[in-house]
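With these hints in hand, go ahead and build the complete structure from the sequences.
2 protein chains.
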Amino acid sequence: MTLLSRENRRQIGLWAASLVSVGLFGASALAENNIVHDAEYYILEAQHGDVWAKEDQTIEARLAEFRERNNGKPPNILYVLVDDLSFGEMGIPEMNYVRGSQTPRINDFADEGLSLMRMYTEPSCTPSRAAMMTGRHPVRNGLGEVKATVAGESLAGKEVTIAEVLSEAGYNTVHIGKWHLGDIEEGYPHNQGFDYASFPIHQQVLLGFMTPESDHSQAMQGWLPGSSNDPYALDATFKPDGLVYSLEARRGELAREVDFEAGERWTQAHYDAMHEKYQRETLAHLQDLTAKDEPFFLQYWPLIPLEFDRTRFETFETANGGTGVESLRQLDTWFGDIVDEVDRLGIADNTLIVLMADNGRFRQFDTILGFSGTMYRGGKVDTTEGALRVNAFARWPGMIAEDTLAGDMIHIADLFTTFARIGGGLNHVPTDRVIDGLDQSALLLEGDGHGRRDYVFVYSTDTLSAVVKQKFKLELPPPGAPGVAAAVYDVYRDPREENPLTPIALWASASYQDIIERHMKTVQKYPHAEVGRDRPYSGIENLRPESEEMVDKFMSWLAETVR
Amino acid sequence: MTLLSRENRRQIGLWAASLVSVGLFGASALAENNIVHDAEYYILEAQHGDVWAKEDQTIEARLAEFRERNNGKPPNILYVLVDDLSFGEMGIPEMNYVRGSQTPRINDFADEGLSLMRMYTEPSCTPSRAAMMTGRHPVRNGLGEVKATVAGESLAGKEVTIAEVLSEAGYNTVHIGKWHLGDIEEGYPHNQGFDYASFPIHQQVLLGFMTPESDHSQAMQGWLPGSSNDPYALDATFKPDGLVYSLEARRGELAREVDFEAGERWTQAHYDAMHEKYQRETLAHLQDLTAKDEPFFLQYWPLIPLEFDRTRFETFETANGGTGVESLRQLDTWFGDIVDEVDRLGIADNTLIVLMADNGRFRQFDTILGFSGTMYRGGKVDTTEGALRVNAFARWPGMIAEDTLAGDMIHIADLFTTFARIGGGLNHVPTDRVIDGLDQSALLLEGDGHGRRDYVFVYSTDTLSAVVKQKFKLELPPPGAPGVAAAVYDVYRDPREENPLTPIALWASASYQDIIERHMKTVQKYPHAEVGRDRPYSGIENLRPESEEMVDKFMSWLAETVR
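Those protein sequence lines, which keep their order, are chains D and W. Residue numbers 758 to 1320, in my numbering, belong to the letters of the first sequence in order. Residue numbers 758 to 1320, in my numbering, belong to the letters of the second sequence in order.
For the record, the hints were derived by calculation from the structure and aren't laboratory data. Among the hints, a few may not be true.
Chain copies aren't distinguished; within one or between two, either way the pair holds.
What the hints assert, rightly or not - Below, computed lysine to any residue pairings styled on SDA-like, alpha-carbon distance capped at 25 Å: (1) Lys915 with Ala818; (2) Lys1282 with Gly909; (3) Lys1228 with Phe1070; (4) Lys1228 with Ala1076; (5) Lys1226 with Gly1078.
Below, the structure is given as structure tokens:
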């Protein structure tokens, strides 16, 4: 018996998909909707569909009762997504002592709601954010890879985001902070369902590393013009010059670059100001959105705690003293201020707040940031639990029990479907494509033991790299290797994935082969969509001359150099 | 500059010790007592002595006020010491979800008192237990090494234990469960200050591994007679036969072996019965001791969660399913029952309960037990934090604030001095030897930030292997290697000690050298004492013939074979 090679997997027939399409696995728990899930879900639905259907009636009744109390409206949704923070770094007081860190406000927030103890993300930023926005593994829409500088790619316009779903359901929608889903017009948040967006077009490599201060503090050397004098460096376009930084935009309008002048050089001061602006804007929009009649979906995706410049801190408040840990303390205060503002505005009871990280820390920055590995091994871009497991918390007073924990598996893509359900937008979820995100409303509202997932597919860019099923995790062997070469780990007994279980692998590789086969048959029935492609920085009304020039060069090599 | 070799260290003069003896470092915080501490303490006392003296007045007033409420008596002390359990395995609800384990009662107990987040132990059982009993690093009394079978050694009679100190102060004293401080009369607990003791003379290697069931479940193969047939094995004494198991004894009397007949073979059933008996006895003594006029010091040192036989569990209740994790669940229930009994007896408010582990898990048993590494690297017998850091909790309603955590450093030896202080026995602490244990009453009673230690000496048997000072930890290089070869870790930033800090080492090895020099000068002034030595199994009134025979053989090779 061999595990399918990647090529084989793509060529498998329609067995599982056909089972799905003829409804062999029992009645859908979402009778009002024809959302297509991955085959694995229907294996579970066949076993639990009846219980779930009953449970869904309870959930629907609770949501209806809530809307009745709330002038017929579903709740506001405030979604705060922290960048690169490993499991254990927030919301667990004991871990603050292990780390010498301070997250008291987030710890308190955790006590006010449900801590999701087994939240899986994708292995890095762009994929995780794409999964949340579309409810789909990013391999399905070409967003499995993180692009740092100009790429001319984005979340495709034909993808349907949670912002679009909730807009359709009557929500006002605002995005503030990191976006990282592409540098072309169709991918910008205000073209993906948000009424308003304020965001940097790129991510922290360009914002936090490519500064003179970063060179001085030895965080990144070799990029800064003038920081070395290499007569053999012939290609002047190798280092990007003319990057676009901060954009603001309203739905239906062109984006506008702000807070940066032509000819200026990006510095740490710009980066600092950017953090503060996003925090300020989040608080301001919270007030504006509260004043309106419609419910809101506000998402705030901060750039900190990725912070590399030690000189920006006058004194260090934590025992750890790393820039990341110190910056996390700032984030903690800021997050606390946002929760306080929700409470002050009197909308606590009708606002679902979800806080989580998008993936584990990038371990390469450990010594700078003050972090390092703890209970899970690895970090961002790995496929170990250290990359994929994050802290996640949900608060909704009166609807989500306070001071509770749940060990159920949940994936960041599940938030798409769950928010759609809670926001009354399930009927706006597209039914012509696979939605990996499952409705986990029961988990949020009924707590531990009410999850609907016992599997996660782990992709590394476009390659299936691991499959989690219950407490076992199989790391796929290289193409062509026999199934017994797969490493299977028990993530309870061995959270750091150090001791592969040979006898379990001998059994489980066969069962995993079935799981993968079903998954690949669904892929064959619903082929992957393409990433959006366009001229970089399209849709920006005030592109600086140096940006135009950089894009021209980019387009020119794209068109002409491959002869 | 070089770090001192071990030889050199032993030969250093009296510089630091003389500083101590002339009182250069300021007035003692314990003016009523002339306890001799290690030199490092006086460095701290010189900086904080005034504050501590004032704080001690507050503590003394609080303790006096307590005694007034409590008919003039100091509190009962119930000390539960769990064997081999790594940091994170109890008292932190979130970690139960990481591990698939269940410690709900201990988690609740943690909420009722103070969690000590930086409790250091010695690296293994005998040294940790010796440190707690005597307040001294076990290198000072020859107990740095764990002996598993017959050794003819023990905690020396001239050592003064906390049980003796508290007996002198008027306490009734009982020891139940694991002892592991020697196999000769002078070392047995009823000869070391306990009015009554019920304990196995050896530890779990002999109790849990050397059984037919352990052979069958592949936990330990090769020992069981008949489990292999090796014609080349000439020495029939190599495998011990005739071991003594469970003893009971009263102060001033001979010990008596119980629950085992001559000619019997030790089995898992005996081991199971032993666990249950110690639990039952603890509850019974709790009742008896409560009925008496004097305060009590009851220590319960369970043998579980070291449990290797899968067949003893009818069903597994945890998601993890390892025998150790399942056994920990049982321990959790049993500990909860004990706390309930304290509450039911109406002595909650006048009983200080301390629960902790003696050192990290022995990583070699990971796959059997269901544990594995988490936030700290390594385990028992290592000198990494994974060996030394354990969870510790203290409850004393009305005196110790509930639901609090403290990040202060504390060492298991500090409990000796702290219990002596709280029990009113400080004047019975000997003053003719170094007491490493510091009075941490202020930490228990005033909480976070009131600790009196920022250093720990880490010995591996009789060799100084590491020194923790504040957040830095220096692993000593091999003898003769230069100081810059020492690895220094920041335990907040790098709790797994994976990234030695070269520039810090270049500075810190010099500062550490001073610390070590001071420490070694104190050793020179107060030389190490000898371990107790005698005929194994002395002081047992009903030694079985096979035990007599085994001891005779042991004594014979000791006397005759080295020619």
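Cross-check of the supplied hints:
1. Lys915 with Ala818: neither (33 Å within a copy, 73 Å between copies)
2. Lys1282 with Gly909: neither (28 Å within a copy, 75 Å between copies)
3. Lys1228 with Phe1070: between (42 Å within a copy, 20 Å between copies)
4. Lys1228 with Ala1076: between (35 Å within a copy, 8 Å between copies)
5. Lys1226 with Gly1078: between (39 Å within a copy, 16 Å between copies)
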